[in-house]
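**Q** With chain W's structure known, arrange chain U on it following the hints.
Residue numbers (the numbering used here), protein chains in the order written: chain W, 1 to 158; chain U, 159 to 449.
Please keep in mind that the hints were generated in silico from the structure rather than gathered at the bench.
No experiment lies behind these values; they were computed from the predicted model shown.
Treat each hint with caution, since some may be false.
Derived Cβ-Cβ restraints for the label pairs, each shown as a range [unchecked claim]:
| no. | chain 1 | residue 1 | chain 2 | residue 2 | range |
| --- | --- | --- | --- | --- | --- |
| 1 | U | GLU350 | W | ASN101 | 32 to 42 Å |
| 2 | W | THR3 | U | ASN323 | 28 to 38 Å |
| 3 | U | GLY265 | W | THR3 | 10 to 20 Å |
| 4 | W | TRP119 | U | GLY265 | 53 to 63 Å |
| 5 | U | GLY177 | W | TRP119 | 52 to 62 Å |
| 6 | U | ARG411 | W | PRO36 | 47 to 57 Å |
| 7 | W | ASP15 | U | GLU325 | 17 to 27 Å |
Below are the DSSO-like pairs computed for lysine-lysine, each with C-alpha atoms no more than 30 Å apart in a straight line [to be verified]:
| no. | chain 1 | residue 1 | chain 2 | residue 2 |
| --- | --- | --- | --- | --- |
| 8 | W | LYS120 | U | LYS353 |
| 9 | W | LYS154 | U | LYS269 |
| 10 | U | LYS415 | W | LYS108 |
Even for Gly, the Cβ is constructed at its ideal location relative to N, Cα and C.
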Amino acid sequence: MDTVVDIADMRVSRDPQVDLVTYSLGSCIGVAIWDPEVRVGGLLHYMLPQSSISPEKARTNPAMFADTGIPYLFRSAYELGAVKKRLIVKVAGGSSLLDDNGTFNIGKRNYIILRKIFWKNGILIDAEDVGGSISRTVRLEVGTGRVTVKNRGKEIEL
Amino acid sequence: MNRMEEILARVGEIQPLPGTILHLIDVINDPRSSINEIVETIRYDQALTTRMLRICNSAYFGLSREVCSLEEAMRLLGTVKVLQILMAVHTGALLRRGQEGYGLEPGVLWKQSVATALASTLFAERTKPDNTSLTFTAALLHDIGKVVLNSHVTAEFVEIVRRVNEEGASFIEAEQQVLGFSSTEIGALLAEAWKLPETIIRCIRYHRTPGELDPPDVVVDTVYLATCVCMLCGVGLGSDGLCYRADSRVMERYRLKESDLEVIGAQMLVDLKRVESIYTEDMAQPVLVNN
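The shape of chain W in the complex, shown without the other chains (with noise of 0.2 Å):
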């Protein structure tokens, strides 16, 4: 059964029928989290790299925004029983534009912000595919923690 996280959305599960997907990643990141001991998953699909530019927004919905994002995927993940250092992470998305010289730069934005946070926390990447000029959508099967990424029907497990 597909549960399925909307742009600026993020969803956790523990039900083994459930696969989390996210549709049509452009320059956002899509963040699978999986604890293979409990068998807890989370997606999240964020948008933009920092909360900063708009403090309202991402009180209403910290999904857009990785530096709320994150945290809020970690921490529902733990409500349900994931640990840390368990955790097994894998991160999709962050296409560009075409000749893109830095202007229109959110998907690098966006991974290097992912980065930094991961960076602080201890967190280590296991599996990614990022940038390009790719629309991705990504799977993550609950009850096993296969990733998938699926662009132009062609499908890659991460």
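**A** For chain U alone, coordinates are given in the frame of chain W:
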């Protein structure tokens, strides 16, 4: 008959915009139009009038009492706002079908079109086009070429994608190379056939390549920026992904910074969710009058 003529000959199969909407676009295009003229345009289309009152009374606008006439609705809510929302909801029939050729599920092209229109209104505060409603409508219709080309790109799609992946072509360039024309060109021809205002036609033709216009066109620039923000935010991405060229000169013309894009992207998403809820609410109602 060449390929483009062949495709254009089938343009008649595309469900056109309702006549009242086409007329309304003309009225919006004329800066001298008054509220009365707008009301006159809509009044005789009962389905549209009913729909409009329903939208005005929807939770989106949060009015404390029910409005019963078009004049009252426009007076209370403002003409521009009412027309924009009406346009967005009313283009659903044209834009909501799936566009498999571009890898777009049903509803996705409409969502992307509405998002672009909403973002164009936010950018318009900075770029200052003369007519915000016309810019909104142009943004809403920017990708109608995809509706026409959709069924025709399926066969050539592999080659278009190969050129994008291996040769670094943009999606528009690859369409031109493989098909001999692009979705923007076909869209502009469709808009010409529908006799839409020149500004909208120009916008459909150049919204992916604003640098081709000299001097630049403020409406084209505004819609270009709106499409960029929607791609970055991942609204309505299909198989073409973000394979369109960035043009930093457009940003420089209006002294826009990256943070401006982020602020607009965040607001666009909030506005989009509200319009989507209106649409869902509207669709859930029984159709009272057929047109």
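**Q** Now, for every hint given, state plainly whether the structure supports it.
**A** Now for the hints, and whether the structure bears them out:
A C-beta distance of roughly 35 Å is found between GLU350(U) and ASN101(W), which places it inside the suggested range of 32 to 42 Å. Checked against the hint of 28 to 38 Å, the C-beta distance between THR3(W) and ASN323(U) comes to roughly 31 Å, which is consistent with it. Between GLY265(U) and THR3(W) the C-beta distance comes to about 19 Å, which sits within the given range of 10 to 20 Å. Here the CB-CB span from TRP119(W) to GLY265(U) is close to 39 Å, at odds with the stated 53 to 63 Å.
In this structure the supplied range 52 to 62 Å holds for GLY177(U) paired with TRP119(W), their Cβ-Cβ distance being about 60 Å. A beta carbon spacing of about 52 Å between ARG411(U) and PRO36(W) agrees with the range 47 to 57 Å that was offered as a hint. The hinted window of 17 to 27 Å between ASP15(W) and GLU325(U) is violated, with their beta carbons roughly 45 Å apart. With a C-alpha separation of about 58 Å, the suggested pair LYS120(W) and LYS353(U) falls outside the 30 Å cut-off, and the hint is violated.
The suggested pairing of LYS154(W) with LYS269(U) holds, with an alpha-carbon distance near 24 Å, which does not exceed 30 Å. Straight-line distance between C-alpha atoms of LYS415(U) and LYS108(W) comes to about 15 Å, which keeps the hinted pair within the 30 Å bound.
Figure legend: structure checked against the earlier numbered hints; hints not met, in rising order: 4, 7, 8.
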